[in-house]
Amino acid sequence: MPQDGMSAIAHEQSPEGWRSIVTDWSADKQTFHVPWGKAMMWIFLVSDTFIFSCFLVSYMNVRISTAVPWPNPSEVFALQAFGTDVPLLLIAIMTFVLITSSGTMAMAVNFGYRGDRARTTSLMLITAAFGAVFVGMQAFEWTKLILEGVRPWENPFGAEQFGASFFMITGFHGMHVSFGVAYLVIVAIKVWRGDYERAGGNYEIVEIAGLYWHFVDLVWVFIFAFFYLW
Amino acid sequence: MHGSDAPAAAHAETHQEHPIKLYLVVWAWLFILSACSYMVDYLHLEGALRWSLILIFMILKAGLIVAVFMHMAWERLALVYAILVPPIAILVFVWIMTVESDYTLWTRLTFFGAGP
Numbered sequence: 057m058p059q060d061g062m063s064a065i066a067h068e069q070s071p072e073g074w075r076s077i078v079t080d081w082s083a084d085k086q087t088f089h090v091p092w093g094k095a096m097m098w099i100f101l102v103s104d105t106f107i108f109s110c111f112l113v114s115y116m117n118v119r120i121s122t123a124v125p126w127p128n129p130s131e132v133f134a135l136q137a138f139g140t141d142v143p144l145l146l147i148a149i150m151t152f153v154l155i156t157s158s159g160t161m162a163m164a165v166n167f168g169y170r171g172d173r174a175r176t177t178s179l180m181l182i183t184a185a186f187g188a189v190f191v192g193m194q195a196f197e198w199t200k201l202i203l204e205g206v207r208p209w210e211n212p213f214g215a216e217q218f219g220a221s222f223f224m225i226t227g228f229h230g231m232h233v234s235f236g237v238a239y240l241v242i243v244a245i246k247v248w249r250g251d252y253e254r255a256g257g258n259y260e261i262v263e264i265a266g267l268y269w270h271f272v273d274l275v276w277v278f279i280f281a282f283f284y285l286w
Numbered sequence: 346m347h348g349s350d351a352p353a354a355a356h357a358e359t360h361q362e363h364p365i366k367l368y369l370v371v372w373a374w375l376f377i378l379s380a381c382s383y384m385v386d387y388l389h390l391e392g393a394l395r396w397s398l399i400l401i402f403m404i405l406k407a408g409l410i411v412a413v414f415m416h417m418a419w420e421r422l423a424l425v426y427a428i429l430v431p432p433i434a435i436l437v438f439v440w441i442m443t444v445e446s447d448y449t450l451w452t453r454l455t456f457f458g459a460g461p
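Quick mapping for you: the protein sequence lines, in order, are chains Z and D.
Residues in the first sequence are numbered consecutively from 57, following the numbering used here.
Residues in the second sequence are numbered consecutively from 346, following the numbering used here.
There may be inaccurate statements among the hints.
What the hints assert, rightly or not - Cut-off 25 Å, straight-line C-alpha distance, at most; resulting in silico cross-link-like pairs (SDA-like, lysine to any residue): (1) Z:Lys-94 / D:Val-430; (2) Z:Lys-246 / Z:Phe-100; (3) Z:Lys-85 / D:Lys-366; (4) D:Lys-366 / Z:Asp-172.
To be verified - Derived list of chain Z stretches under chain D, where covered just means 3 residues or more per stretch with a C-beta under 8 Å from a C-beta of chain D: (5) 83-97; (6) 153-161; (7) 203-209; (8) 221-230.
None of these hints come from the bench; they were simulated from the model.
Computed from a predicted structure; not experimentally measured.
Glycine is no exception: its CB is placed at the ideal position from the N, C-alpha and C atoms.
Between the sequences and the hints, there should be enough to build the whole structure, so can you do that?
So this is what it looks like as structure tokens:
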């Protein structure tokens with residue numbers, strides 16, 4: 057079966073640890089013993105890691121190099137609640153929403169492999185809904201800051217580079233979340249229709265979509281730490 | 346190509362099915378760690394303590410997401426290293442840009458004074 061790359065190696069005999077790397081990379085055969093879609097998604101995520109790293113490093117660069125004080129994110133992103141200013145309230149809620157969506161996605165992958173289409177579809181749609189809520193809260197945050205006079209070239213709180221970094225980093229992340237919501241809804245509909253059941257009951261695509269979604273959550277962990285908390 | 350038993354073995358290895366309980370535990374931990382990193386800001390911790398706590402909670406959260414939610418802990422090392430080693434280059438980039446931005450700040454302070 058030359059078209060089936062999975063058969064390239066019998067795993068029972070393959071060594072562990074460093075020797076497994078040598079075995080997998082040597083000789084004329086498939087290196088990664090995962091579905092090609094999963095390997096491709098991982099390689100795309102590595103490239104995306106570099107893109108977000110470039111944004112975060114450029115943010116670090118402008119923040120270190122400015123002679124003007126950087127706006128205090130704790131105050132800029134504070135929200136009025138319970139009669140006082142609660143620092144980073146919306147950002148904290150957004151973080152919990154995204155983590156929760158990652159949890160439901162992980163369970164969707166699990167039910168996908170069990171062939172439980174109803175649970176997989178509903179968990180994926182719940183994940184997408186949490187993602188949509190996240191984007192909605194981000195839109196609210198953008199609106200609030202724009203009304204307060206934050207622009208990519210100026211803001212009333214301090215160093216001008218704050219606006220450019222903020223809109224670039226959160227905008228690119230929000231775009232990833234939006235695309236992820238669309239991706240999840242499409243895959244969820246296909247799971248529900250039974251497309252993958254007809255293709256031999258292969259639910260790897262749910263795990264691959266999950267990888268993308270967890271990556272979006274992962275990037276938020278870094279944005280939360282470096283942009284909002286630092 | 347080997348015998349017909351190979352696809353079944355490969356299937357077992359690429360099949361990432363783990364107990365739901367594990368995901369719930371990780372989920373709870375991500376909540377706790379996020380709450381901790383939020384408390385760093387809420388309690389107005391400053392200086393080295395603040396930065397080290399932020400980094401520790403960030404790395405723990407990232408590690409849990411990659412290892413469990415993205416199943417890296419169960420992948421073969423050939424894939425794990427191919428994915429996780431290249432991002433180390435970013436640390437070199439961070440170092441280069443730190444040096445560069447320190448220099449930019451120095452020129453700004455030297456030639457334009459402390460103000461904007």
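Here's how the hints hold up against the structure:
At roughly 18 Å between alpha-carbon atoms, Lys-94 (chain Z) and Val-430 (chain D) fall within 25 Å of each other, so this suggested pair holds. As the CA atoms of Lys-246 (chain Z) and Phe-100 (chain Z) are separated by approximately 23 Å, the hinted pair is consistent with the 25 Å bound. Our distance criterion of 25 Å between C-alpha atoms is broken by Lys-85 (chain Z) and Lys-366 (chain D), whose separation comes to about 37 Å. With a C-alpha separation of about 17 Å, the suggested pairing of Lys-366 (chain D) with Asp-172 (chain Z) holds against the 25 Å cut-off.
Using a Cβ-Cβ cut-off of 8 Å, 7 residues of the region 83-97 of chain Z lie near chain D, which meets the minimum of three, so the contact claim holds. Figure legend: the region 153-161 of chain Z, annotated as covered by chain D; annotation consistent (5 residues with Cβ-Cβ distances under 8 Å, at least 3 required). For the region 203-209 of chain Z, the stated coverage by chain D is violated: 0 residues have a C-beta nearer than 8 Å to a C-beta of that chain, whereas at least 3 were required. Under a criterion of three residues with beta carbons nearer than 8 Å to beta carbons of chain D, the stated coverage of the region 221-230 of chain Z fails, only 0 such residues being counted.
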